[in-house]
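The sequence shown begins at 160 in my numbering and counts up one residue at a time.
Rather than coming from a laboratory, the hints here were simulated on the basis of the structure. Cβ coordinates follow ideal geometry from the N, Cα and C atoms, glycine included. Hints may contain errors.
As the list claims (entries may be wrong) - Keeping only pairs whose Cα atoms sit at most 20 Å apart, straight-line, the calculated PhoX-like set for lysine-lysine is: (1) 340 <-> 396; (2) 202 <-> 265; (3) 418 <-> 395; (4) 250 <-> 202; (5) 340 <-> 395; (6) 329 <-> 265; (7) 274 <-> 484; (8) 467 <-> 484; (9) 205 <-> 221; (10) 285 <-> 257; (11) 329 <-> 339; (12) 304 <-> 339; (13) 467 <-> 250; (14) 265 <-> 221; (15) 162 <-> 484; (16) 202 <-> 467; (17) 274 <-> 162; (18) 221 <-> 274; (19) 202 <-> 221; (20) 467 <-> 205; (21) 250 <-> 285; (22) 162 <-> 202; (23) 265 <-> 285; (24) 161 <-> 484; (25) 340 <-> 285; (26) 339 <-> 274; (27) 161 <-> 340; (28) 304 <-> 257; (29) 340 <-> 329.
Claimed, not checked - Quick list of the computed label-pair ranges, beta carbon to beta carbon: (30) 360 <-> 336: 38 to 46 Å; (31) 297 <-> 397: 43 to 51 Å; (32) 372 <-> 243: 52 to 60 Å; (33) 336 <-> 393: 17 to 25 Å; (34) 218 <-> 332: 46 to 54 Å; (35) 397 <-> 292: 40 to 48 Å; (36) 450 <-> 244: 37 to 45 Å; (37) 331 <-> 378: 17 to 25 Å; (38) 381 <-> 249: 20 to 28 Å; (39) 337 <-> 376: 17 to 25 Å; (40) 488 <-> 372: 35 to 43 Å.
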Amino acid sequence: MKKPLIAVTLGDPAGIGPEIVVRSLADPDVYNVANCVVVGDRKIVKQAIDITDEDLHVNVIKDPAEGDYSFGVLNLIDLDNIDMEEFEFGKVSAMCGKAAFDYIAKSIGLAMNHKVDAVATTPINKESLHAAEVPFIGHTEIFGKLTGTEDPLTMFETNEMRVFFLTRHKSLRDMLDDIKKDRIIDYVERCTEALRRLGVTEGTMAVAGLNPHCGEHGLFGTEEVEEIMPAVEELKKRGYDVAGPIPADAVFHQCALGKYNSVLSLYHDQGHIATKTLDFDRTISITNGMPILRTSVDHGTAFDIAGKGIAGAVSMKEAIRLAAKYAPYFIK
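Please work from the sequences and hints to get the whole structure.
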């Protein structure tokens, strides 16, 4: 069986992205499931190989079709956008922010033009993006804009448990304004379609509750009674296999046991805490609802340990594995 071809971005060069990329591509288990082409800077890649002491040969190519996908070869599309005289590990940098954006943009172009089957991304730094005057706050917004996707869906997968997010980067006060019947209906419909795109066609999606004990019929909040329950009832009328609201202190455990095929978390930390407590290193972000597949580690640039050769690559390896797992559903 032909292995999927995955574009792997280098991330912010001042962070741990380069180290975890080279560690991952030197792992036979990763090689066995995917062919990878790195989008980055040759100087940074060579430096990461030296730091990690991995046995990899860098093969600079212009197009993924030119790659030598033998074990031990790191195929690289070199954007040559880092000046090593200015480069510093662990520092916010406009140069590194612009470079990280360029790697992402190039990888999206490769996927949109069907030159790779999926993209797996490494951490970027929001302050560095801002310093470079990149007009996006993060990966999801960049992928949304460059793929023409108005509202991409974020899904976490952790040891087969899948969690979607109704809201993401908002304060708790602002999040409450988005707990509306119509929004929940829209998300469940689109999340269900996203699961089908990933080959998940069986099972029930659970909608998490917001308030303690789902509000106890209005005693601890009215969102469940006024917005969430009516949304679930309407979805059932439309034929969707959905349950809820289910108390948040139980629903993720139940999903991990297989009772539900996924959970719609209502806000950022509700789902993040559940997935990362289950298995922090194997919590992988999958951006759905786009014409291409993107997976990502869900940790930061770790500026404090960048360049020290101690960064663990479990999350990066898992991101590539999941990209390879789901890529066949996106190959045309």
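Now for the hints, and whether the structure bears them out:
At most 20 Å may separate the alpha-carbon atoms for a hinted pair to count; residue 340 and residue 396 meet this at roughly 14 Å. Taken as a hint, the residue 202 and residue 265 pair is honoured in the structure, with Cα atoms around 18 Å apart against an allowance of 20 Å. For a cut-off of 20 Å, the pair hint linking residue 418 to residue 395 stands: about 18 Å separates their Cα positions. Under the criterion of a C-alpha separation no larger than 20 Å, the hint pairing residue 250 with residue 202 is consistent with the structure, at around 18 Å.
In summary, the hint linking residue 340 to residue 395 is supported, as the alpha carbons are separated by about 13 Å, within the 20 Å threshold. A threshold of 20 Å between alpha carbons decides the hint, and for residue 329 with residue 265 the separation of about 29 Å lies outside it, so the pair is violated. Restraint check for residue 274 and residue 484: the C-alpha separation of about 18 Å stays at or below 20 Å, so the hint holds. Note on residue 467 and residue 484: the hinted pairing is violated, with a Cα-Cα distance of about 31 Å set against a maximum of 20 Å.
The straight-line distance between the Cα atoms of residue 205 and residue 221 is roughly 18 Å, inside the 20 Å bound, and the hint therefore holds. The hinted pair formed by residue 285 and residue 257 meets the criterion: a straight-line CA distance of about 11 Å does not exceed 20 Å. For the hint pairing residue 329 with residue 339, the CA-to-CA distance comes to about 15 Å; that is within 20 Å, so the pair holds. Under the criterion of a C-alpha separation no larger than 20 Å, the hint pairing residue 304 with residue 339 is inconsistent with the structure, at around 25 Å.
For the given pair, residue 467 sits about 14 Å from residue 250 by alpha-carbon distance, which is consistent with the 20 Å threshold. Restraint check: the Cα-Cα separation between residue 265 and residue 221 comes to about 11 Å, which is no more than 20 Å; the hinted pair holds. Of the supplied pair hints, the one linking residue 162 and residue 484 holds, its CA atoms being roughly 10 Å apart against a limit of 20 Å. For a cut-off of 20 Å, the pair hint linking residue 202 to residue 467 stands: about 17 Å separates their Cα positions.
Between residue 274 and residue 162 the CA atoms are separated by roughly 14 Å; this keeps the pair inside 20 Å, and the hint holds. Pair hint residue 221 plus residue 274 holds up; C-alpha atoms about 11 Å apart against a cutoff of 20 Å. With a C-alpha separation of about 16 Å, the suggested pair residue 202 and residue 221 falls inside the 20 Å cut-off, and the hint holds. About 15 Å separates the Cα atoms of residue 467 and residue 205, which keeps this hinted pair within 20 Å; it holds.
For a cut-off of 20 Å, the pair hint linking residue 250 to residue 285 stands: about 12 Å separates their Cα positions. Using a Cα cut-off of 20 Å, the hinted pair residue 162 and residue 202 is violated, with the two alpha carbons roughly 28 Å apart. Among the hinted pairs, residue 265 with residue 285 is consistent with the structure: their alpha-carbon atoms are about 19 Å apart, no more than 20 Å. Among the hinted pairs, residue 161 with residue 484 is consistent with the structure: their alpha-carbon atoms are about 12 Å apart, no more than 20 Å.
Only pairs whose Cα atoms come within 20 Å are accepted, and residue 340 paired with residue 285 is rejected, the gap being roughly 32 Å. Pair hint residue 339 plus residue 274 does not hold up; C-alpha atoms about 40 Å apart against a cutoff of 20 Å. Under the criterion of a C-alpha separation no larger than 20 Å, the hint pairing residue 161 with residue 340 is inconsistent with the structure, at around 44 Å. The suggested pairing of residue 304 with residue 257 holds, with an alpha-carbon distance near 16 Å, which does not exceed 20 Å.
This hinted pair checks out: residue 340 and residue 329 have alpha carbons roughly 19 Å apart, not beyond 20 Å. The hinted range of 38 to 46 Å is not satisfied by residue 360 and residue 336, whose Cβ atoms lie roughly 33 Å apart. At roughly 32 Å, the beta carbons of residue 297 and residue 397 sit outside the given window of 43 to 51 Å. Range check, residue 372 to residue 243: about 57 Å between beta-carbon atoms, so the 52 to 60 Å window is met.
For residue 336 and residue 393, the Cβ-Cβ distance of about 20 Å falls inside the hinted range of 17 to 25 Å, so the restraint holds. Under the hint 46 to 54 Å, the C-beta atoms of residue 218 and residue 332, about 51 Å apart, fit the expected range. In this structure the supplied range 40 to 48 Å holds for residue 397 paired with residue 292, their Cβ-Cβ distance being about 44 Å. For residue 450 paired with residue 244, a C-beta distance near 40 Å keeps the hint of 37 to 45 Å intact.
Take residue 331 and residue 378: their Cβ atoms lie about 20 Å apart, and the range 17 to 25 Å holds. For residue 381 and residue 249, the hinted distance range of 20 to 28 Å is not satisfied, since their beta carbons lie about 47 Å from each other. Checked against the hint of 17 to 25 Å, the pair residue 337 and residue 376 passes, with Cβ atoms roughly 22 Å apart. The hinted window of 35 to 43 Å between residue 488 and residue 372 holds, with their beta carbons roughly 38 Å apart.
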